Amino acid sequence: MKDKNENKKSSRRQFLKKGLVAGAGMVAGGSLLAAYIDKSKPTSGEKVKVLTTEGELVEVDKSLIHSPRVSREESHKGIPGRKFVMVIDLAKCKNARKCVESCQKGHHLPSSQEFMKVYLLQDSEKSAPYWFPKPCFHCDNPLCVSVCPVGATYKRSDGIVLIDNERCIGCKFCMTGCPYSTRVFAWKDYPEYAEDKEPYSPEASSPGKEGTVSKCDFCPDLVRMGKLPYCAQNCPMGVIYFGDIDEDTVTNGAETFRFSELIRDRSGYRYLEVLGTRPSVYYLPPVERQFPVESGFNDLKESVKNRFKNTPYGKTHKL
Amino acid sequence: MENKDTKEKLLRQFAPQLEKVSSATLVWILFLLGVIGLGVYAFVTQVTKGHIVTGMRDNVVWGIYIVNFIFFMGMSYSGAIISGTLQLFRTEWRKPIIRMAEYLAIISLLIGPGYILLCIGRLDRLYYLALFGRIQSPITWDVIAISTDIFGCLIFLYLSILRDIASLRDFSELKIPAWRKKVYSMLALGYTGTPEQEKRLRRATDIMATMVIAIAIIVYSVLAWIFSVTLQPGWHSTIFGPYFVIAAVYSGTGVLIIAMWVFRKVYHLDQYITRKHFVAMGVLMVVLAALFGYFTFSDYLTKWYGSEKNDESLIRILFTEYYWPFIFSNYIGVLIPLLVVGIAKLRTITNITLSALVVIVALWFNRYLIVIPTLESPYLPIQDSRPDWVNYTGTWVEFSLMAAGVALFCLLFTLASKFVPVMNVSEMAEIPKPESSELFKAEESLL
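First to last, the sequence lines map onto chains A and B.
Under our numbering, think of the first position of the first sequence as 1, with each following residue one higher.
Under our numbering, think of the first position of the second sequence as 1, with each following residue one higher.
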């Protein structure tokens, strides 16, 4: 409780200072530390909006944003005092796929791998189809973590479920354990997997290694810098809200809500609650929609469009 | 008590197989090595090019490899349970075939785990299982269980061949190189058949027989739990443990009958392995067929009757896309042995062997239908434009490695039969005590 009160008072200066403290644990933190303190460094003049660790939106100079890559040990612990949550507003999604594409770019993924997937769901024959963006749910009772034989996938104190690609043996048990088909496997060495010169960190958005499992990571490296995950940042409709459940705040970059109020007012729910996995991702039902479902087929690549051919909607409509 | 004459006669019968390799056998061995070579090539391809050369993709992450893993492990547990039970109950007809059951237990146990290794993306990190092993994971349970099983089965087999090794050491007519005599003499551990030694050996064998039965049940249940602890429709079932154990023993009776038929033909054992043995094993197979059918029925009935959305879609796939494999593995594979062994007129050696063959193939498909359709129908529908990511088909790499496993199984069986007779010669030569009943004898040794 005391922690929280202090948090509320803290300013942007303190936020940067905290970055320093966090940086102390870094392996490759030397240059980043310098960037935080070095006031003489030329500023780009370009401002970016970032979410502070306190959940406030502030504008900082772009040059101040660096990737504070934390060590493997540090990445197992989680960001102290935080518990992340995501809210996805299905009423606003029109399958623009910017979440998918920006995520792939940010995580250096090959086109065949998607951490964020957009499904076209229809719960029953007579019910309406809707677009359903699906990241990893970062469950509080994650079966993937339970079944991992080597502790390569783990649950952190901030709620994030991460994968250590240098520990993973590639048995794929977590993939069968996850009921949401969230995880992807590196079936070969993809050329898109760029050479990474910095020491490996499970947080660093570095792509998976051949023969190991990867998935959506809630972008802890961005979050540490007070930024939103790629999907939330880049959604043109502001579908994806990200925030802290303990601070009761979620934002999509443009609007900020009290999490509890948003869930109460919009009847938020979790997908397949019946499975008892306790996801950290909530959905707002697709009511009073801003776009008709068919607008989701505009400007889609043929290969993406073909995905929906076999859905109940795709069988009865011309895509 | 052993009958010396019977034993010598038996040893003389088996001597040619132990002494030399016939040209036909040599061709057979070379053929098996060729198939294994193909498997090695497939394995190298998989390691160098990545798992993309298999048919496995993000939805169906386990394919034929895991099916073969279940299949071979099942044969092993079956061998252990059958040989252990027959040993404990001193079943008279066990004598000519128990050695084969023991070979079955250990040989398939050496091959089975290889298939799970083929599923692992990073074999170079395999030692992490020991280094960072988490006891919460069913895979760790499996690692512990399987390694225990390997030791248990090896000890059980060793105890059971010990007397035969000692007999081979003492059998002066055997024309084998001196080094092999030395090996026999070393392995025999100075066993000469004194009453004290005999008593101790019997006691040790009985203890190990009990142990391997228990271990086999535990290990195969653990294997079943790898599937049933997940939430996947079709896997998340409470009866998977016992169901897998029964299916395992069932498949093993089939393999054992085929092994009996092959060795009977190749080594001319017609006078020892008779129709009586085939019928006895056939009856065992029928009992297991009924149990297997019962478990299968219970499992699918409850899924179908309640028809929860995801169970329903799984059942629909099984009865449409997988209609013939499903009918074959769960109907024909159960009914054929029931008919063949049930109707006296059909109960011939050839028919029983053929129905055993049907059982083995049916059980392989049964495992295939447990693994693949479930992975093809996850909670969230698969929406992908790439056909190979939607439906699984095994590739030449997987089929080559499957063939290599079968070839290795045959090779090890052939080689084992060249080292120690495929029949328990010492037990065959034993003079049964006419005054005590079978069960009484078993009780006697337990006291």
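Hints may be right or wrong, so weigh each one.
For lysine-lysine, the following DSSO-like pairs were computed, each having C-alpha atoms within a straight-line distance of at most 27 Å [to be verified]:
hint	chain 1	residue 1	chain 2	residue 2
1	B	Lys303	B	Lys7
2	B	Lys303	A	Lys188
3	A	Lys209	B	Lys49
4	B	Lys303	A	Lys126
FYI, nobody ran anything at the bench for these hints, they're computed from the structure.
Since this is a predicted model, take the numbers as computed values, not measurements.
Going through the hints against the structure:
1. B:Lys303 - B:Lys7: violated (56 Å)
2. B:Lys303 - A:Lys188: Answer violated: lysine 303 (chain B) to lysine 188 (chain A) is near 37 Å, above 27 Å.
3. A:Lys209 - B:Lys49: holds (14 Å)
4. B:Lys303 - A:Lys126: Within the cut-off at roughly 24 Å; holds.
Violation of the numbered hints given earlier is confined to hints 1, 2; the remaining hints are satisfied by the structure.
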